[in-house]
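> Dock the two chains into a complex; use the hints.
Chains A and B, in that order, are what the protein sequence lines are.
Start counting the first sequence at 152; every next residue gets the next number (this note's numbering).
Start counting the second sequence at 875; every next residue gets the next number (this note's numbering).
Heads up, a few of these hints could be off.
In silico lysine-lysine, DSSO-like type, Cα no more than 27 Å apart, as pairs [stated by the list, open to error]:
{"#": "1", "chain 1": "A", "residue 1": "Lys204", "chain 2": "A", "residue 2": "Lys417"}
{"#": "2", "chain 1": "B", "residue 1": "Lys996", "chain 2": "A", "residue 2": "Lys460"}
{"#": "3", "chain 1": "A", "residue 1": "Lys284", "chain 2": "B", "residue 2": "Lys996"}
{"#": "4", "chain 1": "A", "residue 1": "Lys320", "chain 2": "A", "residue 2": "Lys204"}
{"#": "5", "chain 1": "B", "residue 1": "Lys996", "chain 2": "A", "residue 2": "Lys204"}
{"#": "6", "chain 1": "B", "residue 1": "Lys1021", "chain 2": "A", "residue 2": "Lys206"}
If you are wondering where the hints come from, they were derived from the structure by calculation, not from laboratory data.
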Amino acid sequence: MALLITLGATAGFLVLLTFAVRARTEFFKNLDRRWIFLLMLVAVAVPVYVIGKTKETFPEKALPKAQAVFDVIEELNEGDKVLLAFDFDPGSEGELGPMATTFAYHCATKKLKMYFIALWPIGRQMIDDNIAKIIEPDFPEMVYGVDYMNLGFKAGNEGVINVIVTDIKQLYTTDAYGTDIAAIPMMEGIDSIQKMDLIINVSAGYPGTKEWVQYAVTPFPHDIRMVAGCTGVQAPLLYPYIPQQLPGLLAAIKGASEYESLVINKYGGDDISGKYLEAQRRMGPQLVAHVLMVLLIFAGNIIFFVERKREARS
Amino acid sequence: MKRNVPLLLAIIAGFVMIVAFFIPYTVSWGEDVSIWFDILASIAFILGGGNLLKVHLKKVSDQAKGWGYSIITIVAFLVMLFVGLTKLGVNPNPQFPGHGHWAGQYNEVGSPFYWLFESVFKPLQATIFAMLAFYVASAAFRAFRAKNMEAILLLATAFFILLGRTAAGVFLTDFIPEESGYSGLRLENITVFIMDVFNTAGHRAIMIGVALGTASVSLKILLGVDRSYLGSGEG
Chain A
152 MALLITLGAT
162 AGFLVLLTFA
172 VRARTEFFKN
182 LDRRWIFLLM
192 LVAVAVPVYV
202 IGKTKETFPE
212 KALPKAQAVF
222 DVIEELNEGD
232 KVLLAFDFDP
242 GSEGELGPMA
252 TTFAYHCATK
262 KLKMYFIALW
272 PIGRQMIDDN
282 IAKIIEPDFP
292 EMVYGVDYMN
302 LGFKAGNEGV
312 INVIVTDIKQ
322 LYTTDAYGTD
332 IAAIPMMEGI
342 DSIQKMDLII
352 NVSAGYPGTK
362 EWVQYAVTPF
372 PHDIRMVAGC
382 TGVQAPLLYP
392 YIPQQLPGLL
402 AAIKGASEYE
412 SLVINKYGGD
422 DISGKYLEAQ
432 RRMGPQLVAH
442 VLMVLLIFAG
452 NIIFFVERKR
462 EARS
Chain B
875 MKRNVPLLLA
885 IIAGFVMIVA
895 FFIPYTVSWG
905 EDVSIWFDIL
915 ASIAFILGGG
925 NLLKVHLKKV
935 SDQAKGWGYS
945 IITIVAFLVM
955 LFVGLTKLGV
965 NPNPQFPGHG
975 HWAGQYNEVG
985 SPFYWLFESV
995 FKPLQATIFA
1005 MLAFYVASAA
1015 FRAFRAKNME
1025 AILLLATAFF
1035 ILLGRTAAGV
1045 FLTDFIPEES
1055 GYSGLRLENI
1065 TVFIMDVFNT
1075 AGHRAIMIGV
1085 ALGTASVSLK
1095 ILLGVDRSYL
1105 GSGEG
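Isolated chain B, as found in the complex (with noise of 0.2 Å):
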């Protein structure tokens, strides 16, 4: 039961996405099954929260490594959770009067949410993105070695690429005229060469080896041959 009940779940869904995408007449058959895993996942939030609780908390009390993180991030989960429901300092909606501050906006221009969310939460978030300069600047420098004939091609491409997608590309190759017959060898039209030739037709290549793949996968799942998504069925 508790592996059959999953298992036909996943069949019928399967087929009626596939019946649904060939036969018009099916088509609102495959919008209800698209409506369930949209409300599924929307529930997937509410259990997200959740383990993000349980793990943190069992880190806190077993005062693992890196407990004091758990508790800021804890902390931080609750206080946004908090201002977010609650609707904190957010003003009532003339458009639906009666509802008191319920019917505002929870991020309205002003709210303690608006405040967490672009004071707190955005800056934060760029700067971890915008560390990733300062660590790929130090991997290019220790890793990125013309080793082999295939560490070269990279290396080549790479510097056409670093350079063409600034304004360097055209400034480097400036003298040689766009009308020409040489214009290809402008380092901006190199750049876009290696990018729709090259570039796409190896991703062409493995998207159709990933999409066959996928294919193979998904028809195993739905006859019920792979089972392994349901997991052990132990705990």
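Chain A with its partners taken away, still in its complex shape (with noise of 0.2 Å):
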């Protein structure tokens, strides 16, 4: 029924469109760019603003490959060791942040030791905001350097990770806060991220996934497991390593959209807080934005025919 609806407004739309293009075929061919540009405003504004007033989510599906990332993460038990990987900055925020924030919340709850770690310059402040959004808030039982720690960011992409593969204290002989690497209690016994139980990378590009994947998880398929989350641009990149590297993937606000939605039905209570449910909230302007796209595309190649074919016939 959804269908046929939506199908009769489409042919209803693209039937008036065609009239009006028809009629006013240089003003559309002319079209100011920053008319297209206010469409665009709207059509993110509107599902921002009415989903901040509501907080109203559209329910969401889990796909095989965010299923994979929450089905790995549950097979861990309390104790097991987690390398939380930052890889990306502010640009990517918007798409990262909150499969960033869901990661953090996943683990604190399941009370698995957090190692974080950025091969971006920015992914430390990444790392820090999440310490203190998620964990110093939400799980102020969890100690820093027992529970918890950050090792900061170390200049060298991927042959920072071909170091800390085989031996982590070359690199790292403090934490990102000074602190001696040996009078941290969570580090003992750890010498290389082989002795990890899971490596969690939220990539937004260069160095990333790939790089993690390449150089800590193909060198090492039997001791190191791997999730990722990356932006949507990356995901078909990535998509190659599924499963035998990669078991799971969050692709994008839609990927983190869907893991989300696993984690907070199971751990996040009726009255959870907004900060874990941004993806969900993100995906009402990335719905609205999308249509406007596909709307965008054909009107477009409505112009390209109707201009065709007067062409043709003068």
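Here's what the structure looks like:
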């Protein structure tokens, strides 16, 4: 029924548009791009406002890749060690921030030991944000150095992975705050990242998931397991690594939303804070923006065909 | 000398990395080379900063087109560098008494660096990235035309992915039961199929091609046949 109504509405819109384009071809052909910018602004702003007011989100159905990420983390037991590599910056925070939040929340809820690390210079700030936003206020019982720690940023991209995959202390003599690694209880017995039970990478580009897969997972397939979340443009490039090197992948805000719904449905309860629903809330603007894009592509093609027909006639 | 030393370094480093990958006994050699690389990468930050200053100072001195933006770049760079390096407004770290504010965290909450990062850098970078949506919409309207069969296939794929990656995908084809034999026709499942089959197959083929090409170029560099990375040797 929904499909019929939508198809009917779309057909009606296209017929109207065709008439309008025929009547004012020059206007549509040379349409000022600021009108399109305005349409996009409205398409994003209205859902942001409505969802902000009503706090309602669209129902989310987890697809296999997000389910796999959730299942891999679910398989871990209390006290298991997880390396959280935050390789993103504020530019991609809109897409990756919610999944980073949910990863930290999921790990903290399951009482996993979290080792934060960053290969992006700004990644260090993203880690600090996450600790300040999730762990400190909502898990005050967690102790720095015992339950979680921040290794911070190191320059060298895949060179860093190449070293810490066999000897972490060669590169990391202190944590991000200058404390001697030897004085941090949760670093006891950790000589390389092969000792981690899971690597979780949030990636916005290079260096990111591809480098973690190539330099950490591939040489040590039996010792290192990894799941990741990435931006939409990166996802197609990472699919070839699924499922052997990468059992699960969260692709952009859609993947984050699916994973978030799984985590919140299991652990969230009724009075969950809005910060843990950000991915699902951001699906609203994404829906309207995508529909607008589809309509714009239709409109552009109607103009193209009307013009071509006219040229053929003349 | 100017070309032979870098060439020798590249050849040694390259062969050490290959040997370290295949022979467990030599893993520590590979680690050493990787650490040299990490040290060089750190020094590259200083070179990058110097280069940024050089390029923009020249632009200001020549009063080239857009030199006003260069002034903003230089000022922003120097302010951030000064605030971060001097740890301005940072509180002493109780863990390291006697070192004053130098032992504190440069990005401590409430410090000037924190304020600059949270209130200036973060919103600016997020804004630049968000502007993509506007330009992509405009480009889709103007350039995405069904001119031939390839373009039609691309358009159809774009529609499936655009709708299938939102709640519209579930909503539009909700009438097909999940348990039925036709569930593959649900929009979200078509999206998964496109990504898993067509996309993965295409990308695997590209990756294998790129890997073979990289191996061949790497071998040329290691054997000293390709020396283009050393530059022309002039200047």
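> All hints are to be evaluated individually against the structure, with a verdict given for each.
These are the hints, each one checked on the structure:
1. Lys204(A) x Lys417(A): holds (25 Å)
2. Lys996(B) x Lys460(A): Violated - the C-alpha atoms of lysine 460(A) and lysine 996(B) are around 49 Å apart, more than 27 Å.
3. Lys284(A) x Lys996(B): holds (16 Å)
4. Lys320(A) x Lys204(A): The given pair, whose Cα atoms are some 50 Å apart, is violated under the 27 Å limit.
5. Lys996(B) x Lys204(A): The given pair, whose Cα atoms are some 25 Å apart, holds under the 27 Å limit.
6. Lys1021(B) x Lys206(A): violated (43 Å)
Figure legend: structure checked against the earlier numbered hints; hints not met, in rising order: 2, 4, 6.
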